[in-house]
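As given, the protein sequences belong to chains G and P, one line each in that order.
Residues in the first sequence are numbered consecutively from 4, following our numbering.
Residues in the second sequence are numbered consecutively from 4, following our numbering.
Read the hints as simulated data drawn from the structure, not as lab findings.
Using N, Cα and C, we set each Cβ at its ideal position, and we do this for glycine too.
Treat the hints loosely; a few may be bogus.
[Unchecked claim] In the DMTMM-like style, the derived pairs of lysine to aspartate or glutamate whose C-alpha atoms are separated by at most 20 Å in a straight line are:
no.: 1; chain 1: P; residue 1: Lys265; chain 2: P; residue 2: Asp299
no.: 2; chain 1: G; residue 1: Lys269; chain 2: G; residue 2: Asp299
no.: 3; chain 1: G; residue 1: Lys153; chain 2: P; residue 2: Asp306
no.: 4; chain 1: G; residue 1: Lys23; chain 2: G; residue 2: Glu38
no.: 5; chain 1: P; residue 1: Lys153; chain 2: G; residue 2: Asp219
no.: 6; chain 1: G; residue 1: Lys67; chain 2: P; residue 2: Glu204
no.: 7; chain 1: P; residue 1: Lys269; chain 2: P; residue 2: Asp130
no.: 8; chain 1: P; residue 1: Lys53; chain 2: P; residue 2: Glu120
no.: 9; chain 1: P; residue 1: Lys67; chain 2: G; residue 2: Asp219
no.: 10; chain 1: P; residue 1: Lys109; chain 2: G; residue 2: Glu142
no.: 11; chain 1: P; residue 1: Lys207; chain 2: P; residue 2: Asp130
no.: 12; chain 1: P; residue 1: Lys357; chain 2: P; residue 2: Asp306
no.: 13; chain 1: P; residue 1: Lys35; chain 2: P; residue 2: Glu204
no.: 14; chain 1: G; residue 1: Lys153; chain 2: P; residue 2: Asp299
no.: 15; chain 1: G; residue 1: Lys23; chain 2: P; residue 2: Glu149
no.: 16; chain 1: G; residue 1: Lys109; chain 2: P; residue 2: Glu142
no.: 17; chain 1: G; residue 1: Lys129; chain 2: G; residue 2: Asp19
no.: 18; chain 1: G; residue 1: Lys269; chain 2: G; residue 2: Glu149
no.: 19; chain 1: P; residue 1: Lys296; chain 2: P; residue 2: Asp215
no.: 20; chain 1: G; residue 1: Lys67; chain 2: P; residue 2: Glu142
no.: 21; chain 1: P; residue 1: Lys109; chain 2: G; residue 2: Glu138
no.: 22; chain 1: P; residue 1: Lys109; chain 2: G; residue 2: Glu120
no.: 23; chain 1: G; residue 1: Lys109; chain 2: P; residue 2: Asp181
no.: 24; chain 1: P; residue 1: Lys23; chain 2: G; residue 2: Glu149
no.: 25; chain 1: G; residue 1: Lys10; chain 2: G; residue 2: Asp306
no.: 26; chain 1: P; residue 1: Lys67; chain 2: G; residue 2: Asp19
no.: 27; chain 1: G; residue 1: Lys23; chain 2: P; residue 2: Asp156
no.: 28; chain 1: P; residue 1: Lys23; chain 2: G; residue 2: Asp156
no.: 29; chain 1: G; residue 1: Lys109; chain 2: P; residue 2: Glu204
no.: 30; chain 1: P; residue 1: Lys153; chain 2: G; residue 2: Glu149
no.: 31; chain 1: P; residue 1: Lys67; chain 2: G; residue 2: Glu138
no.: 32; chain 1: G; residue 1: Lys365; chain 2: G; residue 2: Glu124
no.: 33; chain 1: G; residue 1: Lys67; chain 2: P; residue 2: Asp156
no.: 34; chain 1: P; residue 1: Lys67; chain 2: P; residue 2: Asp306
no.: 35; chain 1: G; residue 1: Lys269; chain 2: G; residue 2: Asp79
[Said to hold, decoys possible] Calculated Cβ distances over 10 Å to all of chain G for the following chain P residues:
no.: 36; residue: Asp103
no.: 37; residue: Arg139
no.: 38; residue: Gly214
There are 2 protein chains.
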Amino acid sequence: MQIVGNKARGVELIEDLVGKNPLFVFTISSTKVAEVPGITVAGADPGLVKYTPAADAELVQYGKCRSIAGVPATPDGKPTPALITTTALRLAGIPHLIVDAGAEVKPQTPYIVVGAEGPSENIALKDAATQSTVERIFENAVSLGENLAKASDYLILGESIPGGTTTALAVLCGLGIDARGKVSSSMPVNPHNVKSSVVNEAMKRLNLKIGDLANDPLRAVASLGDLMMIAVAGMSLGARRLAPVLLAGGTQMAAVLALIGKLGGKLTEGIAICTTRYVVEDTSADLKWLVSKIADVPIIATDPGLAHSVKSGLRAYAEGFVKEGVGAGGCVLGAMLQSRFTLTQSHILREIEKNYENLIEKKLQV
Amino acid sequence: MQIVGNKARGVELIEDLVGKNPLFVFTISSTKVAEVPGITVAGADPGLVKYTPAADAELVQYGKCRSIAGVPATPDGKPTPALITTTALRLAGIPHLIVDAGAEVKPQTPYIVVGAEGPSENIALKDAATQSTVERIFENAVSLGENLAKASDYLILGESIPGGTTTALAVLCGLGIDARGKVSSSMPVNPHNVKSSVVNEAMKRLNLKIGDLANDPLRAVASLGDLMMIAVAGMSLGARRLAPVLLAGGTQMAAVLALIGKLGGKLTEGIAICTTRYVVEDTSADLKWLVSKIADVPIIATDPGLAHSVKSGLRAYAEGFVKEGVGAGGCVLGAMLQSRFTLTQSHILREIEKNYENLIEKKLQV
């Protein structure tokens, strides 16, 4: 584990959470930005991308997918990070809930409705959603977050929204942080040009310059963002008074963090971004820089040890593929903390490999 | 508080739960049985009955309704039991989640989808739902219950489904307990004839005698019941291995208890029916007899003290109106237990009256 940014506050938070009982809240969503060619590989076949959030939710809930055969993975066997998440949650007995913030395909699981209907629009062409949709989701999410915080010692908030780093980039730009060239990708060659061009088109469509929406975070989401962000930001705000919050994800959670701050949330103690080392060490992005522009909030990066895996599909995470998602880094941390570190990296890795064999390799052999 | 049935086990359970942190899970649903004239007054105006579950959910979530003006109440001011529930939850800081098991009107709140779509059909005319719908909800609810039990010390499971005592009666009959004349009503003159005639028609339609579905609980729900029952039974089964469960309601929860037993749930320790004294003292029904036919499970009856209220609309509860619903009795118990009895009957009653003034009387004056 490494702490980037405010190390003192990161250590304090971790010490505070040892042995505590978290709740993992997994928000799924879709944006039509994912349909822009070359922008994402979350889901190998472009036609399957829309199933990825639902399939991830099913894997977390039931240990297997229902909306698709097998598990989201590239043809050569690089699996969805939901495999890491579900392994960590099961090992530690950590409960979860799934929130639908506009997934195109709804999961065949229990899930919480917060007022989102369909996916967010492609921001290059039109607003992501109406302002009233964003406000409704925000209000529901705040109230939900308050209740979930009462039911747990702290919240781990993860997401699955293919194409979401592009909307994160756009919202960061709208709020005044020029994040072009800084957001992560699920591919080793980060398609910064494609992302920036979507964002530039969106800003041009709205006649906006960087920072023009710094004082209107809800409008930034409605015009440039996606519904995952406002759901997670709302839950965080509702929970913050009552329990610590781990924003479990990569550069998308930087956009959520910025929104929380703009929406009046305190960004001092009790909040951190938690991700995998593959994100903080990603030389094609800069999470540390992004967070430093927002607030003095620590980034906690866990290491699931995939670099040493016997499975090439898992080693790929350390080679620039996938890297993070579905709150994987945060759930690994939660499992280690809840178990008071009796669940070690090698223990978790062994179990991830076992699940990989059962869920991916057996299917590839068929 | 009084304990009916297995007193020793009731006392043991209560002692076990003092100071613990419950989660209230509120399941809303609709059955077209509610449209049978004279069967329910859950919602004063027949045209408003379909809004009652959603309005109850909104009152619990936000302290005010959104789908209707004001609060569900009869024209002379007898309020929905959601008023008691929300008061108890807020006083004690108990978290809640709302589950939609086929409410006709969806609430303007966060709520959990478990695979139900519309309301259950009128069982006199056709099956309540398809077998596959019932199986899907059951499986989702079991998995949900497991997760919710991990996130709390115990679950309080309440419901709102106008017309639900009639489907409870039908399912009890299908499972082998002739409950005719024994189920409660929200009215002082219990329309047993209307209920029994719906059930007799349903049994005749299916060519069933009492007890014919004793070995097929899922079919009993699909043909004679409603989707609330299977959602609550499923959550109970999922939770049971991990945490105690309070079935918070009147005679409808007897049907749920019978289903839990038939579906393989242990009905020994860690489970109770929890309701108000107005239900256990209801001379037009017999909850004690019903439960005794199912299992040796205690009934814990709380007294919110409404008999002594200065408000006639609240005193009506002690005069045979409304009596229970929305897990009111269970939430009062949960509040007292969580506060280690520092929240007393008079404290809770005072707060209920204050909320009654703000939500009902002010509206009646307009």
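Comparing the hints with the structure gives:
The straight-line distance between the Cα atoms of Lys265/P and Asp299/P is roughly 14 Å, inside the 20 Å bound, and the hint therefore holds. Only pairs whose Cα atoms come within 20 Å are accepted, and Lys269/G paired with Asp299/G is accepted, the gap being roughly 11 Å. Of the pairs offered as hints, the one joining Lys153/G and Asp306/P is violated, with about 26 Å between alpha carbons and a cut-off of 20 Å exceeded. Of the supplied pair hints, the one linking Lys23/G and Glu38/G is violated, its CA atoms being roughly 40 Å apart against a limit of 20 Å.
Note on Lys153/P and Asp219/G: the hinted pairing is violated, with a Cα-Cα distance of about 38 Å set against a maximum of 20 Å. For the proposed pair Lys67/G and Glu204/P, the alpha carbon gap of about 43 Å is over 20 Å, so the pair is violated. For the hint linking Lys269/P to Asp130/P, the alpha-carbon distance of about 28 Å lies beyond 20 Å, and the restraint is violated. Between Lys53/P and Glu120/P, the direct Cα distance comes to roughly 15 Å. Compliance with the 20 Å bound is thereby established for this hinted pair.
Our distance criterion of 20 Å between C-alpha atoms is broken by Lys67/P and Asp219/G, whose separation comes to about 28 Å. With a C-alpha separation of about 17 Å, the suggested pairing of Lys109/P with Glu142/G holds against the 20 Å cut-off. Distance restraint check for Lys207/P and Asp130/P: the Cα-Cα separation of roughly 12 Å lies within the 20 Å cut-off, and the hinted pair is therefore satisfied. Under the criterion of a C-alpha separation no larger than 20 Å, the hint pairing Lys357/P with Asp306/P is consistent with the structure, at around 18 Å.
For a cut-off of 20 Å, the pair hint linking Lys35/P to Glu204/P stands: about 15 Å separates their Cα positions. Taking the CA atoms of Lys153/G and Asp299/P, the gap is about 33 Å. The hint is violated against a cut of 20 Å. Among the hinted pairs, Lys23/G with Glu149/P is consistent with the structure: their alpha-carbon atoms are about 19 Å apart, no more than 20 Å. In summary, the hint linking Lys109/G to Glu142/P is supported, as the alpha carbons are separated by about 17 Å, within the 20 Å threshold.
At most 20 Å may separate the alpha-carbon atoms for a hinted pair to count; Lys129/G and Asp19/G exceed this at roughly 44 Å. A hinted pair counts as satisfied when its Cα atoms are at most 20 Å apart, and Lys269/G with Glu149/G qualifies at roughly 15 Å. The hinted pair formed by Lys296/P and Asp215/P meets the criterion: a straight-line CA distance of about 16 Å does not exceed 20 Å. Simply put, Lys67/G and Glu142/P have alpha-carbon atoms about 14 Å apart, close enough for the 20 Å limit, and the pair holds.
Straight-line distance between C-alpha atoms of Lys109/P and Glu138/G comes to about 18 Å, which keeps the hinted pair within the 20 Å bound. Annotation: proposed proximity of Lys109/P to Glu120/G holds, straight-line Cα distance about 13 Å (limit 20 Å). For the hint linking Lys109/G to Asp181/P, the alpha-carbon distance of about 41 Å lies beyond 20 Å, and the restraint is violated. For the given pair, Lys23/P sits about 19 Å from Glu149/G by alpha-carbon distance, which is consistent with the 20 Å threshold.
Using a Cα cut-off of 20 Å, the hinted pair Lys10/G and Asp306/G holds, with the two alpha carbons roughly 17 Å apart. For the given pair, Lys67/P sits about 36 Å from Asp19/G by alpha-carbon distance, which is inconsistent with the 20 Å threshold. A hinted pair counts as satisfied when its Cα atoms are at most 20 Å apart, and Lys23/G with Asp156/P qualifies at roughly 14 Å. Restraint check for Lys23/P and Asp156/G: the C-alpha separation of about 14 Å stays at or below 20 Å, so the hint holds.
A C-alpha spacing of about 38 Å is found between Lys109/G and Glu204/P, which places the hinted pair above 20 Å, so the restraint is violated. Distance check on the hinted pair: Lys153/P and Glu149/G sit about 18 Å apart at the alpha-carbon level, within 20 Å; holds. The suggested pairing of Lys67/P with Glu138/G holds, with an alpha-carbon distance near 18 Å, which does not exceed 20 Å. The hinted pair formed by Lys365/G and Glu124/G fails the criterion: a straight-line CA distance of about 37 Å is larger than 20 Å.
Taking the CA atoms of Lys67/G and Asp156/P, the gap is about 28 Å. The hint is violated against a cut of 20 Å. The hinted pair formed by Lys67/P and Asp306/P fails the criterion: a straight-line CA distance of about 24 Å is larger than 20 Å. Distance restraint check for Lys269/G and Asp79/G: the Cα-Cα separation of roughly 44 Å exceeds the 20 Å cut-off, and the hinted pair is therefore not satisfied. Against chain G, the non-interface label of Asp103/P is violated: not every CB pair exceeds 10 Å, the least being about 8 Å.
Listed as outside the interface, Arg139/P is inconsistent with that label: its C-beta sits roughly 8 Å from the nearest C-beta of chain G, within the 10 Å cut-off. The beta carbon of Gly214/P is kept farther than 10 Å from every beta carbon of chain G, the shortest such distance being approximately 32 Å.
In terms of the numbered hints stated before, the structure departs from hints 3, 4, 5, 6, 7, 9, 14, 17, 23, 26, 29, 32, 33, 34, 35, 36, 37, listed from lowest to highest.
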